[in-house]
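Colleague: Using the sequences and the hints given, assemble the complete structure.
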Amino acid sequence: MTNAHSSYLRLGSGAGYSGDRIDPAVELARDGQIDYLIFECLAERTIALAQQERLHHPDKGYDPLLTDRMQSVLPLMFDTDGQRRFRIISNMGAANPIAAAKHVSHIAKTLGLHGLKVAAVVGDDVLEQIRTSNDLLDNGQTPAQLGDKLVSANAYLGAAGMVEAIEAGADIILTGRVADPALFLAPLIAEFKWSWNDWEKLGTGTLVGHLLECAGQVSGGYFADPGVKDVKNLARLGFPIAQVSADGNVIITKVKGSGGQITVQTCTEQLLYEIHDPSRYLTPDVIADFSKVRFTEQAVDEIHAEGAYGQEKSGLFKVSVGYLDGYLGEGQLSYGGPNALARATLARDIVLERIAILGLEVEDLRAELIGMNSLYGNAQPPATTEPQELRLRIAGRCANPAHAKQLGNEVEALYTNGPAGGGGASKSTRQVVAVASLLWPSDRIPHAVHMETVE
Numbered sequence: 064m065t066n067a068h069s070s071y072l073r074l075g076s077g078a079g080y081s082g083d084r085i086d087p088a089v090e091l092a093r094d095g096q097i098d099y100l101i102f103e104c105l106a107e108r109t110i111a112l113a114q115q116e117r118l119h120h121p122d123k124g125y126d127p128l129l130t131d132r133m134q135s136v137l138p139l140m141f142d143t144d145g146q147r148r149f150r151i152i153s154n155m156g157a158a159n160p161i162a163a164a165k166h167v168s169h170i171a172k173t174l175g176l177h178g179l180k181v182a183a184v185v186g187d188d189v190l191e192q193i194r195t196s197n198d199l200l201d202n203g204q205t206p207a208q209l210g211d212k213l214v215s216a217n218a219y220l221g222a223a224g225m226v227e228a229i230e231a232g233a234d235i236i237l238t239g240r241v242a243d244p245a246l247f248l249a250p251l252i253a254e255f256k257w258s259w260n261d262w263e264k265l266g267t268g269t270l271v272g273h274l275l276e277c278a279g280q281v282s283g284g285y286f287a288d289p290g291v292k293d294v295k296n297l298a299r300l301g302f303p304i305a306q307v308s309a310d311g312n313v314i315i316t317k318v319k320g321s322g323g324q325i326t327v328q329t330c331t332e333q334l335l336y337e338i339h340d341p342s343r344y345l346t347p348d349v350i351a352d353f354s355k356v357r358f359t360e361q362a363v364d365e366i367h368a369e370g371a372y373g374q375e376k377s378g379l380f381k382v383s384v385g386y387l388d389g390y391l392g393e394g395q396l397s398y399g400g401p402n403a404l405a406r407a408t409l410a411r412d413i414v415l416e417r418i419a420i421l422g423l424e425v426e427d428l429r430a431e432l433i434g435m436n437s438l439y440g441n442a443q444p445p446a447t448t449e450p451q452e453l454r455l456r457i458a459g460r461c462a463n464p465a466h467a468k469q470l471g472n473e474v475e476a477l478y479t480n481g482p483a484g485g486g487g488a489s490k491s492t493r494q495v496v497a498v499a500s501l502l503w504p505s506d507r508i509p510h511a512v513h514m515e516t517v518e
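If you want this note's numbering, it's the position in the sequence shown, counting the first as 1, plus 63.
None of the hints are false.
Derived EDC-like pairs (lysine to aspartate or glutamate); straight-line CA-CA distance at most 16 Å:
hint, residue 1, residue 2
1, K468, E424
2, K381, D198
3, K381, E107
4, K180, E230
5, K212, E191
6, K468, E393
7, K256, E230
8, K376, E263
9, K490, E393
10, K212, D388
11, K319, E365
12, K355, D340
13, K381, D506
14, K172, E518
15, K468, E426
16, K355, E369
17, K256, E227
18, K376, D506
19, K319, D94
20, K165, D122
21, K292, E332
22, K355, E263
23, K490, E431
24, K180, E518
25, K381, D201
26, K490, E475
27, K355, E332
28, K376, D261
29, K256, D310
30, K165, E518
31, K180, E227
32, K381, D188
Hints in this document: simulated from the structure, not taken from any laboratory. Since this is a predicted model, take the numbers as computed values, not measurements.
Modeller: Set out below in structure tokens:
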């Protein structure tokens with residue numbers, strides 16, 4: 064067992080996405096009495112962008128906040144007697160886990176943490192394996208058809224590589240693409256020696272991972288709705304902790320005195336988040352069944368979770384495929400004061416006409432007035448009072464980067480060629496990295512563990 068806890072593990076969620084706050088993780092490391100600090104930082108587009116960076120900088124491609132996060136929590140990893148207080152697991156390795164492990168080893172060395180073991184779990188990068196495949200992606204194309212537009216292909220690995228790293232004595236484990244719940248399931252399997260075919264236990268561990276993977280969401284962030292679902296002290300939001308016993312007893316809590324709240328309602332909302340079928344939540348390790356999950360309040364900010372089950376895994380891994388899909392051109396301009404709606408509407412119509420005059424080839428064109436119709440379009444009822452401020456946004460995807468750039472230029476040109484009172488123009492052009500998915504047999508995707516030891 065990792066520390067003094069003899070019958071349970073405490074897993075702390077240090078991040079729910081790449082750009083998440085760092086101070087709640089420091090609070091967990093300092094005050095959470097945790098055994099594992101787990102950072103979930105990898106979205107589908109995030110890894111495609113990381114792969115692009117790695118192409119230009121072979122020693123990069125890991126999470127941009129890796130340095131800041133490690134410098135913040137590594138000094139808290141050991142007590143004054145040199146005993147390890149917790150381990151770290153994270154998918155911040157992104158497109159380059161080995162480079163990430165080397166970088167963290169360097170940080171640890173500068174902090175005087177000699178003897179630390181840093182593991183990199185690899186095997187998720189399957190770009191060369193699927194490059195010529197004629198298997199159908201969920202965008203209706205095949206990898207072979209995408210050809211040179213392919214940027215990345217990363218399989219969602221399960222817990223096995225992380226379990227292997229824990230059993231090899233790793234203090235810090237960095238992965239690329241793994242299923243988010245597997246980050247939390249791995250230490251439970253490794254420490255409690257759960258069987259790989261104990262589907263109920265694996266379903267329970269996957270429930271823990273799903274509740275914690277978005278960090279502050281389950282403790283009141285993204286849940287709050289003033290006057291409807293009030294949450295106190297969101298500026299000091301505490302990130303969640305799962306206390307899990309060997310027999311699968313689960314308590315969701317947080318550091319005492321931290322902001323936010325852990326309630327039956329916050330846990331229920333997070334349970335349903337991004338779940339298509341609660342009775343068949345497909346992961347690499349188990350098909351989890353959350354349909355009978357029950358939450359019970361044991362004390363303030365302590366919720367007991369039970370009722371998760373599972374069945375045998377599918378034998379297929381989801382593969383997230385990143386590919387180049389043209390260029391996004393965008394321009395914005397604000398209008399305010401009397402008659403702002405009429406002036407912004409005229410400005411929009413001018414740009415749409417200019418697109419036709421110039422023959423710009425634009426797909427997925429959006430021409431919207433933020434504050435009026437940018438979210439709901441024509442489905443939103445007309446405003447009863449005329450707005451005093453609006454922001455025109457025109458954006459579209461173009462195969463030709465020059466056309467995308469001109470789209471933004473046409474909005475900026477409204478300064479002197481459009482209706483009165485436009486201001487605060489902004490424009491941008493960027494290459495679009497789109498994401499599609501397919502399923503691939505898991506037996507074709509072996510993992511491996513590389514270990515770095517801090518000298």
